[in-house]
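Engineer: Sequence:
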Amino acid sequence: MLHVAVVGYSGSINNSPVKELRSICEEVGKLLARHGHVVMTGGRDGVMELVSRAVSKEGGRVVGVLPAGDEGNNHIEVRIRTGMDFALRSVILTKSADVVISMGGQAGTLLEIISSYSYGRPVILLENTGGWTDRIRSVLIDDKYLDERKTVEIKVAGSLEDLERFLKEADNGKV
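Numbered according to this note's numbering, the sequence shown spans residues 1 to 175.
Just so you know, the hints here were simulated from the structure itself, not pulled from any lab data.
A few of these clues could be false.
[Stated by the list, open to error] In silico DSBU-like cross-links for lysine-lysine, where the CA-CA straight-line distance does not exceed 30 angstroms:
1. K57 - K144
2. K150 - K95
3. K155 - K144
4. K168 - K150
5. K168 - K155
6. K155 - K19
[Stated by the list, open to error] Now the in silico label distances, taken between C-beta atoms and shown as ranges:
7. D162 - G83: 36 to 46 angstroms
8. N74 - E169: 28 to 38 angstroms
9. G120 - N15: 30 to 40 angstroms
10. D147 - N15: 30 to 40 angstroms
11. S159 - G69: 35 to 45 angstroms
12. K57 - E161: 15 to 25 angstroms
13. N14 - K150: 35 to 45 angstroms
14. E20 - D143: 38 to 48 angstroms
15. E161 - G69: 35 to 45 angstroms
16. R165 - G83: 34 to 44 angstroms
17. T151 - L88: 15 to 25 angstroms
18. N15 - A68: 20 to 30 angstroms
19. K95 - S138: 23 to 33 angstroms
Quick caveat, the model's predicted, so the values are computed rather than measured.
Backbone N, C-alpha and C define an ideal beta-carbon position, used for all residues, glycine too.
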């Protein structure tokens, strides 16, 4: 069992770019719940809400690491009220995770990808989800590192099968 942080776009689940990711978010949530992973998110709307809803429907556990003044979405089982702004909350989220999955995303997601890497947390980018998840690939060294220290590989999942395999490797300590 892993503590898996899922990061990505925030915003209304009925508006672009989040609504285009509804299906993949639901599939990722189901996969994580079926494997018994504890899912951690920033607890709000967007990708976080869609994945949390799917995990909850499958009987999985959802932890929301919330910024100040936000009670999060209705699918969170455990709320961690950090009292911090979005950026500092994100650092707590990524430091607490065993592995991080990224879907789309703006500057906050970029911060989460970078902090995950800095803390040595494996990052799995879900290909073709847009935003920084796809853009970050253009700066990777050897297609898998953010800098010359080669702290941890950043993996690219082109399918749910790839994601499942990477999670299994992480659970076995092979990442």
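Engineer: Work down the list of hints and note, for each, if the structure agrees.
Structural biologist: To see whether the hints hold, each was checked on the structure:
1. K57 - K144: violated (34 angstroms)
2. K150 - K95: OK: K150 and K95 at ~18 angstroms, within 30 angstroms.
3. K155 - K144: Between K155 and K144 the Cα gap is close to 6 angstroms, so the pair holds against 30 angstroms.
4. K168 - K150: With Cα atoms ~21 angstroms apart, K168 and K150 stay inside 30 angstroms; holds.
5. K168 - K155: Given pair K168, K155 holds - Cα atoms ~13 angstroms apart, limit 30 angstroms.
6. K155 - K19: Within the cut-off at roughly 24 angstroms; holds.
7. D162 - G83: 36 to 46 angstroms: Since the Cβ atoms of D162 and G83 sit about 37 angstroms apart, the hinted range of 36 to 46 angstroms holds.
8. N74 - E169: 28 to 38 angstroms: Cβ of N74 to Cβ of E169: about 33 angstroms, so the range 28 to 38 angstroms holds.
9. G120 - N15: 30 to 40 angstroms: For N15 against G120, whose Cβ atoms are near 35 angstroms apart, the range 30 to 40 angstroms holds.
10. D147 - N15: 30 to 40 angstroms: Taking Cβ atoms as reference, D147 and N15 lie about 35 angstroms apart, which means the hint holds.
11. S159 - G69: 35 to 45 angstroms: holds (38 angstroms)
12. K57 - E161: 15 to 25 angstroms: Holds, since K57 and E161 (Cβ atoms, about 22 angstroms apart) stay within the stated range.
13. N14 - K150: 35 to 45 angstroms: With a Cβ separation near 41 angstroms, N14 and K150 satisfy 35 to 45 angstroms, so the hint holds.
14. E20 - D143: 38 to 48 angstroms: Between E20 and D143, where Cβ atoms are some 26 angstroms apart, the hint is violated.
15. E161 - G69: 35 to 45 angstroms: The hinted range 35 to 45 angstroms holds for E161 and G69, with Cβ atoms some 40 angstroms apart.
16. R165 - G83: 34 to 44 angstroms: At 38 angstroms between Cβs, range holds.
17. T151 - L88: 15 to 25 angstroms: holds (21 angstroms)
18. N15 - A68: 20 to 30 angstroms: holds (24 angstroms)
19. K95 - S138: 23 to 33 angstroms: holds (26 angstroms)
The structure does not agree with the numbered hints 1 and 14 stated previously, though it agrees with the rest.
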